[in-house]
Every structure is written in C-alpha cells, then in structure tokens.
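Student: Given next are the chains, with one letter for each unit.
2 protein chains.
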Amino acid sequence: MGAESYTGRINRKLNKKLRIVEVAAGREKADLVLKNATYVNVFSNQLCCGDIAVAEGLIVGMGEYRGEIELDMSGKIVLPGFIDAHIHLESAMVSPKEFAKAVLPHGTTTVITDPHEIANVMGTDGVEYMLQATEDLPVDVRFMLPSCVPSTPMDESGAVLDYRTIDSFYDHPRVQGLAEMMNYPGVIGADPQVIEKIVAAQAHHKKIDGHAPGLVGNDLNAYIAAGVYSDHECFDPADAIAKLERGQFIMIREGTAAHNLEALLPLLTPQYADRCMFCCDDKHPSDLLEKGHIDFNVREAIRQGVDPIVAVKVACHHAARYFLLNNRGAIAPGYLADFAVIDNFQDFNILQVFKKGVEMYDGTSVRDFPAPEIDPYLSQKAHDTFHLARLTAEDFAERRPRGIIGMVPGELVTTDQGYSDRIDTGWDILKIAVIERHKNTHHIGIGYLQGYGLKGGAVATSVSHDSHNIIVVGTNEEDMAAAANRVAENKGGIVVLENGQIKGEVALAIAGLMSDDTLENVNRDLEAAKDAAFALGVSRDIDPFMTLSFMSLPVIPTLRLTTRGVIDVEKQQYI
Amino acid sequence: MGAESYTGRINRKLNKKLRIVEVAAGREKADLVLKNATYVNVFSNQLCCGDIAVAEGLIVGMGEYRGEIELDMSGKIVLPGFIDAHIHLESAMVSPKEFAKAVLPHGTTTVITDPHEIANVMGTDGVEYMLQATEDLPVDVRFMLPSCVPSTPMDESGAVLDYRTIDSFYDHPRVQGLAEMMNYPGVIGADPQVIEKIVAAQAHHKKIDGHAPGLVGNDLNAYIAAGVYSDHECFDPADAIAKLERGQFIMIREGTAAHNLEALLPLLTPQYADRCMFCCDDKHPSDLLEKGHIDFNVREAIRQGVDPIVAVKVACHHAARYFLLNNRGAIAPGYLADFAVIDNFQDFNILQVFKKGVEMYDGTSVRDFPAPEIDPYLSQKAHDTFHLARLTAEDFAERRPRGIIGMVPGELVTTDQGYSDRIDTGWDILKIAVIERHKNTHHIGIGYLQGYGLKGGAVATSVSHDSHNIIVVGTNEEDMAAAANRVAENKGGIVVLENGQIKGEVALAIAGLMSDDTLENVNRDLEAAKDAAFALGVSRDIDPFMTLSFMSLPVIPTLRLTTRGVIDVEKQQYI
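In order, the protein sequence lines correspond to chains A and B.
So that you can map any letter, position 206 of the first sequence is 206 in our numbering, and since no number is skipped, the others follow by simple counting.
So that you can map any letter, position 172 of the second sequence is 172 in our numbering, and since no number is skipped, the others follow by simple counting.
I should point out that these hints are in silico values taken from the structure, not numbers from a laboratory.
Take these hints with a grain of salt, some might be off.
Copies of the same chain look alike in the list, so a pair counts if it works inside one copy or between any two.
List time: in silico DSS-like cross-link candidates among lysine-lysine, alpha-carbon distance up to 27 Å [claimed, not checked]:
(1) Lys206 with Lys13
(2) Lys381 with Lys356
(3) Lys76 with Lys455
(4) Lys206 with Lys356
(5) Lys16 with Lys455
(6) Lys76 with Lys571
(7) Lys530 with Lys356
(8) Lys13 with Lys381
(9) Lys291 with Lys29
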C-alpha cells in the first residue's frame with residue numbers, strides 16, 4: 001500500500017467498522033460463527049454459552065448468528081488465545097515464522113518479545129530485522145526494546161544501545177515499551193544513563209518491564225518508583241508479593257532455563273491473580289516440541305487446583321491489559337477473533353486455534369502462511385555477523401595461570417575453583433575461551449572450566465550470553481581452534497568436534513543465533529549434537545550448550561569469562 | 001516555559017526522576033512522609049501499614065522513611081484520591097476552579113469531564129475554554145470530547161461538531177477520548193457520520209464512553225463492537241451485567257438527576273466489581289454542598305454491606321485503569337501522591353486531602369490556589385454568547401393550537417396532553433417557548449406545558465438541554481418576554497419574574513451555563529430563586545429549573561419543544 005492520508009485511513013477503517021456493525025446487528029451474515037459455543041467470559045468470570053460471530057477478523061457478538069462458515073462447538077470450550085508476556089524469540093533457535101508454527105498448536109496468538117539477543121549482535125538493525133521478520137505473522141509479535149545492551153561495560157558486544165539509539169522504535173505500532181531492566185543496581189544507584197532510558201520510555205507512554213531477582217525493601221521501592229512496572233524473576237511467593245503489593249505486575253515464568261510456576265501457584269487466587277500473567281522468557285526447540293507453551297502453564301495450574309477461569313485469565317486477559325493491547329484477551333464484541341478451543345479443563349487438549357477468525361490449527365496441522373518479506377540488505381547483514389580472523393591452536397596457547405570456573409549442575413551460578421596453567425582432563429580441568437567475533441579485534445579471553453566433563457575434542461557455540469561472541473571449551477588447542485573456525489564458517493551455531501572431525505553441529509546463520517531451517521530439523525541436529533557432546537564425556541546432568549552459553553555472562557556470580565579474561569562478578573574485576 | 005526540545009524534556013524529567021530514586025532508596029529526605037499510615041493496598045486487596053514517602057509529587061515508597069514534613073497518620077486510614085469517571089462540570093453552575101474547591105474536601109483528586117454543555121454553545125471554543133479553565137487545578141480534570149453536538153439534527157445549537165472538528169484535541173495531554181455516544185441508534189444503524197467519530201477516537205488510541213439505556217441483545221453487540229467501551233446509564237443489575245459481560249466497563253451513576261447506586265450495589269462483589277467505577281454525570285450546587293461527591297458513594301456502599309476495599313477500588317483504581325491514567329488510583333511507588341484520609345470505614349469522614357503531595361484540605365478549609373489563566377479573547381467570547389434581538393410580548397403571541405407537554409413529577413419523560421390555543425392557569429396550562437439565542441435567527445418555538453403549576457409571572461433559563469437556547473414558561477406573554485430579556489441581559493442564567501418585577505435570579509455569564517461567583521453564592525441565589533418559583537405556584541414535587549431545562553431535549557419521550565415547535569420524540573416529527 002502506498003502513502004495514506006489521515007482521512008484516507010479513517011475512511012478505510014470506517015468501511016470495515018460499518019460492516020462489523022451490520023453483522024453484529026444481524027443484518028449481514030458473519031464471516032464465521034462458532035455455533036453453540038461454551039466460552040470463558042473473563043468479565044463475568046464464568047462460562048457462557050451461545051454463538052460467537054466473527055467479521056473482519058473481530059468478534060462482533062455473542063448470541064444467535066448465521067455465518068458464511070458455521071462450526072459447531074458443542075462439547076468444547078472456547079478460550080481467548082494465549083499471550084506469552086515475555087520471551088526472547090531467539091531462544092527457539094529458529095526464524096520467527098518457524099516459532100509461530102510451533103506455538104500456534106498450543107493456543108498462543110500473541111507474544112511479547114525482547115529481541116535482546118540479536119540486538120547484542122546487530123544493534124538496532126537486529127531489532128529492525130525482528131520487526132520485519134514478524135510482520136503479519138499469524139501469531140502477533142509485539143516488542144519491548146532491549147534496555148541493557150551490552151549487559152555490562154565489561155562485555156564486548158556488537159552494539160551499544162543508549163536511549164537515543166532506540167528512541168525512534170517507540171513509534172512502531174508493534175513496540176510496547178522497554179524490555180527487562182536487568183541493570184537494577186544502575187536504577188537503584190540513580191545512574192543517569194540507565195534512568196534516562198526509563199524516562200524516555202515513559203515519555204512515549206510505554207511500559208517498562210523489570211528483572212530484579214530477590215530485590216526487597218527501599219531498594220525495591222526505588223526500582224519501582226523509577227518506573228519499572230513488572231517482574232518475571234520471582235522465585236517464591238514472598239518475593240512476588242513484595243513486588244505485587246508495590247504495584248508491579250508479576251510474570252510467572254516457566255521456560256527452558258527457569259521453572260517458577262509451581263513455586264508461584266499460591267499467587268493464582270482471587271487476592272493476587274489479577275496482577276499476574278504467564279511468560280516463558282526462553283524456550284528451546286525440544287521444550288517447544290515436547291512441553292508446549294503457555295498451554296502447559298494453564299494445564300499445570302488447573303491440575304494443581306487453580307480455578308480454571310483464573311488460570312485462563314492469567315494466560316491472556318491480564319497480559320493484554322498490562323501491555324495495553326486492549327483488543328485481545330477476551331471473548332467479547334470488538335475483540336480479536338483469536339481463540340484456543342480445548343476439550344475440557346482437566347485434559348486441556350488444544351483442538352483448534354483461530355487467529356483473527358482464521359482457523360490456523362485444526363488439531364492436526366498448522367495452516368500454511370507466507371514468510372514475512374525482509375529487506376534484502378538487512379537479511380544479508382543478519383547472515384554476515386562473524387568478523388574474525390581464522391584461528392589457530394597458537395591463539396589459545398597460554399602459559400600463565402588462569403582462573404578456574406566451576407560449573408554447578410542445574411544452576412547458572414558458578415564457583416571459584418582457583419587457578420590452573422594447564423588442561424587436565426583427569427581433574428576435569430578444560431580450557432575455555434571467549435573469542436570476540438563482532439569487530440575483528442582478535443580479543444580472546446582464556447580461562448579454565450571444571451565440571452563440564454569433556455574427555456576429548458572441543459565444543460564451541462556462538463550462542464553465548466549476552467554478547468554472543470564464540471565460546472569454545474576443549475581438551476586441546478587444535479580442536480578448540482577447529483571448532484571455533486567451524487562455527488564461523490557456518491556463520492554461527494554449535495559445533496562438537498574431536499581430532500578435527502565434526503561429531504555434531506547446528507548451523508545458526510541468522511546472527512549466529514537462529515537457523516533458517518525448520519524447528520524439527522534444528523531440534524534433530526541439536527539433539528544429535530548433544531548426544532555427541534555426551535559421547536565425548538560431557539556430564540549428563542549438564543545441558544552441554546545452554547549451560548556453556550551462560551559462562552560469558554558477567555552479571556551472574558561467581559566467575560565468568562569474557563573476551564578479556566576471567567572476571568570475579570561480585571567485584572567486577574579481572575582475576 | 002518556552003519551547004523545549006525532546007532532549008531537553010528528557011533531561012528535565014531525568015533530573016526529577018533521579019531525585020525520586022535518591023529519596024526512595026533512602027539516601028535523601030522525602031518532601032513529605034505520612035508516618036505510621038494504615039492504607040488501602042489496591043493490589044493485595046488489604047490494609048497495609050507503614051510510612052508513605054513522597055517526593056516531587058509522587059509516592060516513592062512505603063516502609064520506613066524520614067521527610068522534611070512528617071505527619072502522623074496513626075488512627076486514620078489513607079486512601080488513594082477518588083476519581084469521578086463522568087461528569088459534565090457545567091452542571092455545578094460555577095467555574096471549574098470553584099468546582100475544584102467544592103470537591104476537594106470530599107477526597108476527589110481527578111474528574112473526567114465531558115464539556116458537552118459548553119460545546120453546544122461555543123463549539124470547539126467551549127472545549128478549549130474548559131481546557132484552559134482547568135489547567136493545573138488541584139483536581140486533575142481530564143476530558144472526553146463531546147460526541148453528539150447537537151443532540152439531534154432537529155436541535156439548533158451553537159455549533160455542529162463532526163469528527164474533523166474535534167480531531168486536533170486528541171493531541172492534548174488531558175484528553176482521554178470521545179465522550180458518551182448518546183446517538184446509539186446512529187451507531188447501531190451504521191450511520192457513517194456517527195461511526196467515523198468512533199473510528200477517529202480509536203485511531204488516536206483513545207477511549208469511547210457509552211450512553212445506551214436498556215440496550216440489549218444483538219443491538220447491544222453492535223454498539224459495543226463499534227467500539228464503545230463503557231456505559232453509565234445502567235439502572236438495574238440485569239442491564240449492567242448484560243453490558244459488563246460483553247466487555248463494557250460500568251460507571252455506577254449517583255448524581256443530581258439520576259440515582260443508580262442503590263440499584264447497582266449487587267455489582268460490587270468480587271465477580272463484577274473489577275469492571276465498575278463511580279460517576280455522578282451531573283451535580284448541582286446544593287447537592288455538592290450537602291451530599292458531597294464520590295465519597296458519598298463509597299460511604300453508602302460500605303453502609304449497605306459492600307467490602308470497603310472493593311468500594312474504595314471502585315472509587316479510584318478501576319477508573320484510573322479504564323482511562324489509562326496509570327499513575328493514580330493506588331498507593332504505591334511511582335503513583336501520584338493523591339490521598340483522601342478518613343477516620344474509619346463506617347463513618348467515612350474525610351479528614352485530610354492531598355494532591356500531588358500537597359495538603360489541599362486539612363479538615364476545615366481548602367488551601368488557596370490560583371485560578372488558571374484563560375486567553376482573554378476566549379474569556380470574552382465565553383461571556384458573550386447571547387445573540388438575539390430584544391423580545392416583546394408579540395413574539396409569544398400565537399392563536400393556533402399547539403401541543404401540550406405534560407410534566408411528570410420526578411421523571412424526565414413527558415406525556416402528550418393534547419392541544420391548546422390559550423394559557424389557562426385554572427387547568428395548569430402554561431405557555432412555553434424556546435428562543436434561539438446563538439445566531440440571532442429569531443426562531444421561537446411555542447407550545448403549552450401542563451404540570452408545572454405556575455400561577456403568575458414567568459420563569460426563564462438558559463440552561464436548556466442540549467442546545468442551551470432560552471426556555472421560558474409563563475402565565476402571560478409580557479412576563480415571558482421580560483424574563484427572557486433579563487436572561488439575555490445577564491448574559492445567561494435563570495430568572496423568576498412577575499409583573500415585570502424580578503423575584504429571583506441567578507446570573508450564569510459563562511456561556512449562559514456557569515457563574516463567575518462562588519459556589520456558595522450561586523447556591524444561595526439558586527435556592528432563593530427556587531423559593532420564588534414555588535411562591536409563584538410551581539409544584540413542590542418538581543425541581544423548577546432542572547426539570548424545565550430538559551423540556552427542550554428532543555431525545556427523551558414523549559413531547560419536547562425546540563426552537564421550531566413541539567416535537568413528538570418517538571416519531572421525530574413536529575406536531
């Protein structure tokens with residue numbers, strides 16, 4: 001469509017609205033009628049019955065209607081489509097289109113994403129890439145702008161985003177606000193460069209999401225008074241209630257890395273539930289394919305005794321109101337015709353899913369839809385994010401003692417295991433390196449890693465929080481160089497290699513984070529690569545790639561490795 | 001303040017925010033601390049205890065704080081300031097400053113007004129006048145733009161507002177949306193000129209209020225699907241629930257003309273209360289002085305058994321969320337320091353009221369505050385809205401038979417009482433006229449009125465819904481002319497007159513609707529004028545001016561009188 005005047009826009013919307021009124025009043029046939037539907041009414045907090053009429057992608061009325069298409073809903077329950085309140089789409093390791101295909105069968109029709117990972121690689125081009133890659137998908141993808149790129153000044157990321165850099169994105173119709181303000185010490189300490197990001201988001205009347213694990217008392221007051229409206233890091237009810245009673249909305253997180261649903265079920269009562277929503281934060285391929293998405297949270301909550309109406313509202317209505325997406329999250333006239341149809345609350349099987357009145361999932365397969373068009377220049381740029389020289393074993397040679405980072409099974413925290421000056425697989429002491437890959441600086445940080453278990457070869461990954469440089473861990477420098485070089489050749493991804501032979505790999509050519517392949521193929525490659533890593537000795541109680549990917553994040557205690565060496569996180573000093 | 005760049009604005013807000021964080025974190029003293037406060041927490045739905053710290057007009061934290069001013073709140077209960085969700089400020093017959101002085105002692109800190117009355121007189125200049133007259137008042141006055149000016153094409157108002165005429169006002173920071181869409185037949189009938197007003201409001205991401213008494217079924221679906229988000233005309237729970245369960249927010253109205261609180265108390269339960277708020281629609285001087293404002297609703301609701309926390313939330317939090325005024329309606333960090341302090345829930349006496357952290361009412365008197373500056377051109381224009389020639393008895397001479405409008409005590413509906421060709425006080429048949437006063441057209445509609453009771457003289461008023469022409473009713477044409485002329489001389493208001501002698505009068509020189517005098521003086525004059533009307537025989541069971549003012553509103557059955565004659569409202573025909 002070409003340029004459109006304001007009057008032209010009003011006229012276009014007027015014509016659509018006139019048709020909606022004609023259908024709602026019963027003078028014209030609806031596009032679609034869900035006949036004899038039992039549906040959750042989020043306003044009167046009960047199940048209602050009747051026909052649900054749809055025109056122009058919107059619900060126009062409930063009662064008695066005739067439609068061009070009429071589908072009998074007897075014996076089923078119709079729910080508003082689900083909303084994931086906070087996810088980094090990149091965590092699915094596939095394109096947004098593939099992600100949408102994966103979550104539609106689970107009833108998800110809206111997600112709020114923070115394109116934080118790709119922004120660390122490509123800056124605002126990464127945000128724009130994701131906006132274009134999600135345009136008109138049958139899952140509505142809304143954005144929160146990354147607030148902390150890089151995670152700390154110690155990180156060497158592909159970009160630095162200050163408030164001016166991201167400001168113009170607030171005008172985009174799918175941008176809802178500023179994403180998780182992870183730098184809570186900066187907020188509480190009144191760092192102007194941190195606070196001004198919040199001030200700018202507020203000036204645009206946008207939401208600001210929070211990330212403040214365990215923050216309490218007057219520091220929590222300061223963080224909230226600064227303008228942070230939500231939190232998704234709550235791990236127990238006391239933590240959540242302290243935030244909720246100060247006005248924050250609580251996103252109950254159940255994802256691949258963090259599992260807070262069970263602990264936070266006590267929030268899902270009439271006293272607190274209005275201020276709660278669901279999110280997953282991150283969701284890896286196998287998790288998406290095996291566990292599902294927001295439907296998993298609702299099903300689990302109901303099984304553990306939560307009132308089904310409350311659980312459904314937490315899965316849709318509350319997030320919609322928080323993000324001011326006031327045309328969804330309910331079944332009522334004027335709302336988007338986004339539905340998840342289930343068999344019953346106990347089994348909670350998703351039978352059909354509709355997006356804007358179109359059946360996108362029929363219980364068997366997802367209706368095909370076009371991939372969004374992406375500016376070729378931007379697409380090319382997203383596929384060319386590795387800027388580093390070819391590596392040799394010499395690059396990883398290091399005689400001086402370096403800190404040993406201790407991995408803890410099932411946790412993201414690490415321990416300080418002292419120093420080493422050599423690899424010793426007998427003591428499970430491996431060499432680990434982080435290689436700057438954005439600006440060809442040839443910065444390579446070297447340290448040692450204990451607890452990973454590798455007995456031969458090397459493992460490398462370009463998914464490495466938050467700057468997404470290349471992390472490589474190995475039993476010898478030759479394989480480390482070969483694995484890292486192979487990652488760069490693939491334009492990103494994961495490589496497991498021994499004696500120069502590739503044992504498993506996943507190519508992630510979009511910014512080194514996402515694949516152009518299908519979710520099923522990525523999952524197959526990823527599982528095969530995991531098996532290869534386990535075969536080389538990696539401990540079975542560690543996720544070989546996810547756990548590794550956090551070794552470079554210098555904001556979680558105790559020791560981490562950046563492109564400049566091993567850091568003591570609490571002291572924010574190199575050791 | 002001169003022009004300010006975006007960067008300048010961010011910097012200014014940043015400096016304020018940095019101080020807020022310093023105070024919240026406890027590193028600087030607060031401006032004000034309410035010590036040992038018991039306060040309603042609208043998020044956890046309970047009473048909480050602690051200090052409430054205020055800086056820069058905002059609440060910064062609850063807990064333990066020190067402040068420049070510390071006020072002990074022991075034994076009192078602190079509530080968020082109240083919000084009136086829908087009022088025509090003009091109904092108070094005083095300037096907005098006087099209105100603010102009147103409602104502050106009742107705990108009101110925000111009102112949403114529809115400047116519908118003045119807009120019928122002055123068009124967009126009237127809207128602009130009210131915006132200027134409310135700037136920076138200690139009661140935050142927010143606006144909904146009038147949607148139905150004139151009320152019908154049969155009316156001769158001072159202005160006609162289509163969507164383009166009001167469009168630029170949506171950019172004003174205190175405009176929240178489009179006011180009550182009274183023309184619900186136009187919406188349901190898909191009248192493009194009606195629907196485009198809704199479409200334009202939605203294009204600006206604004207709210208649209210409703211007004212649809214008794215609407216049900218698919219017509220109600222059509223009205224809501226068109227984009228109307230609330231209703232304040234509900235008179236019984238069934239009517240309200242039908243709207244609520246279709247997604248409308250319900251404004252429970254308790255004002256001077258309509259009393260719906262008691263009937264709608266069943267809504268104030270956990271099942272429905274989240275979608276309810278309070279409003280008064282109109283509030284006359286004596287009512288404001290004697291009954292109070294939103295505090296009256298809360299007190300009554302609690303006395304009739306509503307949970308006090310629920311009643312308080314309905315009085316503040318829900319309206320704030322509906323209107324997207326997300327910085328008020330709660331006591332929490334980042335929220336406006338707007339408080340109503342009471343003694344206890346049962347007596348519900350307002351002891352103190354704070355606006356943005358300033359004590360505006362101390363239990364005895366209202367702190368003085370400046371009157372907003374109004375553009376002199378606009379002020380002059382508002383005081384010069386009577387454009388008509390001097391009237392004589394001849395103007396009211398009429399030999400042909402005219403319809404008789406029957407007044408019904410305590411109701412706004414009228415009855416069809418046949419025809420008359422003369423005044424006959426023995427049968428209580430009076431002459432009534434509506435005189436066009438905006439454009440000097442000399443249009444005068446003449447009819448007869450039964451049930452008013454006047455035995456001598458005439459009563460005239462320029463408060464005459466919705467076009468605010470002059471209504472005059474009398475026992476003889478000479479007094480009718482004199483009373484109407486006196487209204488015009490006073491530049492508007494109410495006149496009671498007999499044999500050329502003024503028996504009582506209220507000057508309403510601002511657009512013929514509001515006085516420049518104090519509320520107390522206006523009330524004194526108004527009560528004296530009422531007594532004068534009663535002394536001249538007006539029935540004691542009729543409000544002599546309010547009931548009269550509705551005789552010209554051609555949207556309420558059965559008969560009405562406009563500048564062109566008596567109308568049968570249901571047929572929309574002159575009789």
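Student: Out of the numbered hints, which ones does the structure contradict?
Tutor: The structure breaks hints 2, 3, 5, 6, 7, 8, 9; every other hint is satisfied.
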